[in-house]
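Here is how the chains run, residue by residue.
There are 2 protein chains.
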Amino acid sequence: MTIVQEIQAANEAYAHSWTQGQLPLPPARKVAIVTCMDARIIPAHTFGLKEGDAHVIRNAGGRTPEALRSLVISEQLLGTDTIIVAQHTDCGMLTFENKDIHAIIHKNLAGADATHIDFLPFKNLEQNVRDDVRFLRESPLIPKHIPIHGYVIDVSSGKLIAVDSE
Amino acid sequence: MTIVQEIQAANEAYAHSWTQGQLPLPPARKVAIVTCMDARIIPAHTFGLKEGDAHVIRNAGGRTPEALRSLVISEQLLGTDTIIVAQHTDCGMLTFENKDIHAIIHKNLAGADATHIDFLPFKNLEQNVRDDVRFLRESPLIPKHIPIHGYVIDVSSGKLIAVDSE
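Protein chains in written order, with the numbering used here: chain A, 1 to 166; chain B, 167 to 332.
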């Protein structure tokens with residue numbers, strides 16, 4: 001089977017066991033989580049979530065500047081009032097600089113130019129969590145009453161480690 | 167308990183049951199999935215994923231233009247070679263226009279101006295899946311050999327419905 005066939009078969013089994021009907025659109029536990037796309041993170045497991053509980057925003061690195069659009073929608077339209085930012089050990093974003101990926105793209109993609117894109121790599125994990133939490137705390141688009149908690153996920157143990165928690 | 171205390175307690179139980187050590191950084195099943203932040207979607211369930219399997223990129227709407235940075239990192243640095251785009255029924259992005267959220271922000275956030283931000287709402291779910299798949303197929307930053315599959319997730323049943331699958 002191809003990966004797509006495997007996914008379709010897994011989905012048929014999941015839908016077959018579905019019992020909850022259609023849950024409400026706003027997250028029941030009023031929390032929005034920003035984390036990395038990393039394959040080793042299953043947010044439902046890391047944070048103890050079930051269907052309907054929480055917004056989960058994921059991108060390469062779990063970077064909050066890119067998550068801002070989604071967070072504003074989450075808070076202003078769908079009622080979330082707590083933000084968790086969780087980046088992780090052994091992140092790919094610690095392994096390259098913009099000039100490296102710009103060169104790889106130029107070489108692999110027929111001379112394509114991506115030098116206008118900041119791929120948002122970083123050099124220090126804990127400092128980056130603090131910087132990304134501060135970005136949200138200082139944003140005029142995030143209400144000041146919303147607590148923002150910064151964590152590192154240790155992908156060798158699954159553990160959440162508080163880095164910058166209000 | 168606060169939501170943060172509940173999450174920390176759930177994480178302690180998860181880490182306590184952790185047995186796999188540290189898995190490799192590149193996704194074992196070489197697939198990258200773009201989907202919405204919606205609380206009712208648990209991608210590990212929808213797509214049948216376990217820790218280490220797949221990159222999962224999530225934002226409000228599951229919009230691919232915002233996911234492009236992450237997808238390029240996924241493919242060029244971490245070896246994924248299939249993309250799945252899955253948006254869903256009853257999506258909040260179908261319920262507003264940019265002018266609505268710009269006005270809400272101005273009212274709720276002390277006159278803050280977000281009129282420079284496109285919040286990427288859309289009016290037709292299936293057409294938007296097709297448009298977001300086409301955006302990736304036409305991007306010079308996505309290799310032409312990478313198949314891109316577009317789906318709708320029915321949040322009343324958990325089912326994946328193919329919309330635009332190569």
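Bear in mind the hints are in silico, worked out from the structure with no lab data behind them. Predicted model only: the values in this text are computed from it and were never measured. Don't take each hint at face value.
In silico lysine-lysine, BS3-like type, Cα no more than 25 Å apart, as pairs [to be verified]: (1) A:Lys99 / A:Lys123; (2) B:Lys289 / B:Lys196; (3) B:Lys273 / A:Lys107; (4) B:Lys196 / A:Lys30; (5) A:Lys50 / A:Lys123; (6) A:Lys144 / B:Lys273; (7) B:Lys289 / B:Lys265; (8) B:Lys216 / A:Lys159; (9) B:Lys216 / A:Lys107; (10) B:Lys325 / B:Lys310; (11) A:Lys159 / A:Lys30; (12) A:Lys30 / A:Lys50; (13) A:Lys30 / A:Lys144; (14) B:Lys273 / A:Lys99; (15) B:Lys265 / A:Lys144; (16) A:Lys50 / B:Lys325; (17) B:Lys273 / B:Lys216; (18) B:Lys310 / B:Lys196; (19) A:Lys107 / A:Lys144; (20) B:Lys289 / A:Lys50; (21) B:Lys216 / B:Lys289.
Given hint Lys30 of chain A paired with Lys196 of chain B - CA-CA distance at most 25 Å:
Violated, because 33 Å separates the two Cα atoms, which is more than 25 Å.
Is the hinted pair Lys50 of chain A and Lys123 of chain A satisfied, with a Cα-Cα distance of at most 25 Å?
It is violated: about 33 Å lies between the C-alpha atoms, which goes past 25 Å.
Taking 25 Å as the top limit, are the C-alpha atoms of Lys289 of chain B and Lys50 of chain A close enough?
28 Å, violated
Sort out whether Lys144 of chain A lies within 25 Å of Lys265 of chain B, counting only the CA atoms.
23 Å, holds
Run the distance test for Lys216 of chain B versus Lys107 of chain A: straight-line Cα separation, threshold 25 Å.
Distance ~33 Å between Lys216 of chain B and Lys107 of chain A Cα, so the pair is violated.
With a cut-off of 25 Å on the C-alpha distance, tell me whether Lys273 of chain B and Lys107 of chain A pass.
48 Å, violated
So if I understand the rule, the pair passes when the alpha-carbon distance is 25 Å or less; does Lys30 of chain A with Lys50 of chain A pass?
Judged against 25 Å, a Cα distance of about 13 Å means the pair holds.
Hint consistency between Lys30 of chain A and Lys144 of chain A [alpha-carbon to alpha-carbon, up to 25 Å]:
Distance ~16 Å between Lys30 of chain A and Lys144 of chain A Cα, so the pair holds.
Does the alpha-carbon distance linking Lys273 of chain B and Lys216 of chain B stay inside the 25 Å limit?
Answer violated: Lys273 of chain B to Lys216 of chain B is near 43 Å, above 25 Å.
Are Lys144 of chain A and Lys273 of chain B close enough, with their CA atoms no more than 25 Å apart?
Roughly 15 Å between the alpha carbons, so the hint for Lys144 of chain A and Lys273 of chain B holds.
Check whether the Cα positions of Lys50 of chain A and Lys325 of chain B lie no farther apart than 25 Å.
Between Lys50 of chain A and Lys325 of chain B the Cα gap is close to 17 Å, so the pair holds against 25 Å.
For a C-alpha distance cap of 25 Å, please report whether Lys99 of chain A and Lys123 of chain A respect it.
14 Å, holds
Violation of the numbered hints given earlier is confined to hints 2, 3, 4, 5, 9, 10, 14, 17, 19, 20 and 21; the remaining hints are satisfied by the structure.
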